[in-house]
Amino acid sequence: MSDQGLRVAGLRASVEGNEILKGIDLAVEPGKVHALMGPNGSGKSTLAFSLAGHPHYDVTAGSAVLDGEDLLTLAPDKRARAGLFLSFQYPAAIPGVKVPNFLYAARQAVRPGELTPGKFRTLLLEKMDVLGMDPSFLGRYLNDGFSGGEKKRLEMLQMAVLAPKYAVLDETDSGLDVDALQDVGDTIQALRASDEGKSTGFLIITHYPRILQHITPDVVHVMIDGRIVKTGGPDLAQRIEREGYDTLREETGALA
Amino acid sequence: MPNLPTPQERDAALSAFAATRTGREKPSQYWKIDLETLMPNASLDGAAGEVTIESASSRAIAVDLQTGARDHAALFERAFRRAIEPQHKFAHLALANARLGAFIYIPADCALDEPIVVRYRAAEGETIFPYTVVLAERGARATIIERLELGSAALACGVTEIVTEESADITYASAQFAPQDARVIFTRVARPGRDARVAWASAELGASLSLTELVITIEEPGVDAKIATLFFPTGSQHVDIVSSVDHRIGDATSETLVKSAAAGRGQGRYLGNIRIAAHAQHSDASLRDDALLLSQTAHIDSIPALEIAANDVKAYHGATVGALDDESIFYMTSRGIDREAAERMIALGFFEPAIDRFPTEALREELRTALQAKVTS
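Keeping their order, the protein sequence lines are chains A and B.
Each residue of the first sequence is one higher than the last, beginning at 0 in numbering that gives the first Met the number 0.
Each residue of the second sequence is one higher than the last, beginning at 0 in numbering that gives the first Met the number 0.
These are computed hints drawn from the structure, not numbers from a lab.
What you were told as hints is all true, and nothing was included just to trick you.
Dumping the calculated DMTMM-like pairs for lysine to aspartate or glutamate here, alpha-carbon to alpha-carbon at most 20 Å:
id, chain 1, residue 1, chain 2, residue 2
1, A, Lys150, B, Asp324
2, A, Lys97, B, Asp355
3, A, Lys97, B, Glu364
4, A, Lys77, B, Asp325
5, A, Lys150, B, Asp325
6, A, Lys97, B, Glu339
7, A, Lys97, B, Glu326
8, A, Lys150, B, Glu326
9, A, Lys97, B, Glu365
10, A, Lys77, B, Glu326
11, A, Lys77, B, Glu339
Chain A extracted, bound-state conformation:
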């Protein structure tokens, strides 16, 4: 079907009047893994927030369509219900809201009425096991007092539980040690191997290529200064590992 996919075309977005995204085109097909790489400040997170509908980001032109549904006209909760998931780089801490209550509310919103609380708990513990998360997480408040690594694991747990159609991972790898990175990779693989997640498309936003050792992308995009300047296969990530972004910047004539 031609309207399948997370399709972004000519997307421009500003923050407080400054244009950050200067026309983004990319299409993530179901079941595919795309990596979006780029130096700090290139606009990667702005793309993630613009897709998810963060109120501080003004989309000024272009389109973002998820399996035929226009995301840009939807409130953030409706975008999630359409099948979009954003793994936050800095998720909010919400004291007093317990992890399982939040996850159950989210699961019921995204996939209404599929699971009883008992079955949900079983599912939760199963996914937590893949992530090496202690069951004591279930007694804690959402991200409250969590370490950086714990927050990232909780983001991955949410992705596993919600099994979205498209998952945008905003620097989920940053600040993680090798073991945690492996757990993130395992969670993505486990989701892709499951019935619910076998057609999930991924947009993995990262500064460093190392997460791509745990999950091989089908497509690699390089973003510099609000534009995608190059698209290629996994070898593009390897080249960035060797050479950094500077040669690409020169080669593509992107603004320094």
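Given chain A, put chain B in place with the hints provided.
Chain B only, in chain A's frame:
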């Protein structure tokens, strides 16, 4: 009843009530009630109201106030009027009219697993002066839950006094969901013994005016004093809370936690007193006070008052006032939860650390349900 006020004592208490000032701020643009001239105008003959006391213990004494004063006079005298002090204005009024009430006595080393429940009732338009007296002996442990069941336009003006001996552990929880036109005024004062633990937990969710003073007076070392209060004025409700922890001697710990929200035209005031006397070295006092404003016309004044005269102490104070956090709302909605539900969850979560200080899951659930109804309205 030799211990309850004689006519002379009653007159003296009424004069003291008239002569004592609360020292609270005056009416303002938001706050419309002058506490200095507030005089319950209902009949003051003290005959009104009912009390029932549920206790599963055979060792503890849990009886109505008059039975306590008459049949257990020696015990009763050890606690009655032993905690309140002259500055507690509304305690004078309650004392002048003290007839309805409860006397609870927990003997030495007696630990109660089940809470004692004291229920005060007032019919429509009635005024009651519920007076609760608690005496806990050495090593005694108990939880007391006070419930107030008021009819429309009723007024309750009450006192709770807790006096404990060494190493006792008393939690006293009160949660009021009084009708919107009722008024509730309470003075609650505890005087713990050496190494004793005393905890007040109070929730003010009903009534047009709710005026509560929570006091712990520390005169023995090793005391662990805890105050938790939550309130949530909505509609045109006014809530005024004063908490006072008075470290008169050192080597004691106190922790005060206040969670409040206001919506509609709800008005709240909170005054948090922490006093550490000059010789009360090694005191450890903390005060945490967070207020959430859910409408443009709601208002909460939060005033911490730390008077620290000793130099070798730990004192912590933290306060926030604000609206719901946009980033938190976005985070939750990005998971598919609609905005209203997200706001409700965040607001309820905000109260959770205070709810957690209340005994029994049933009471905590009742608080959550009442808070949810207020957030949604």
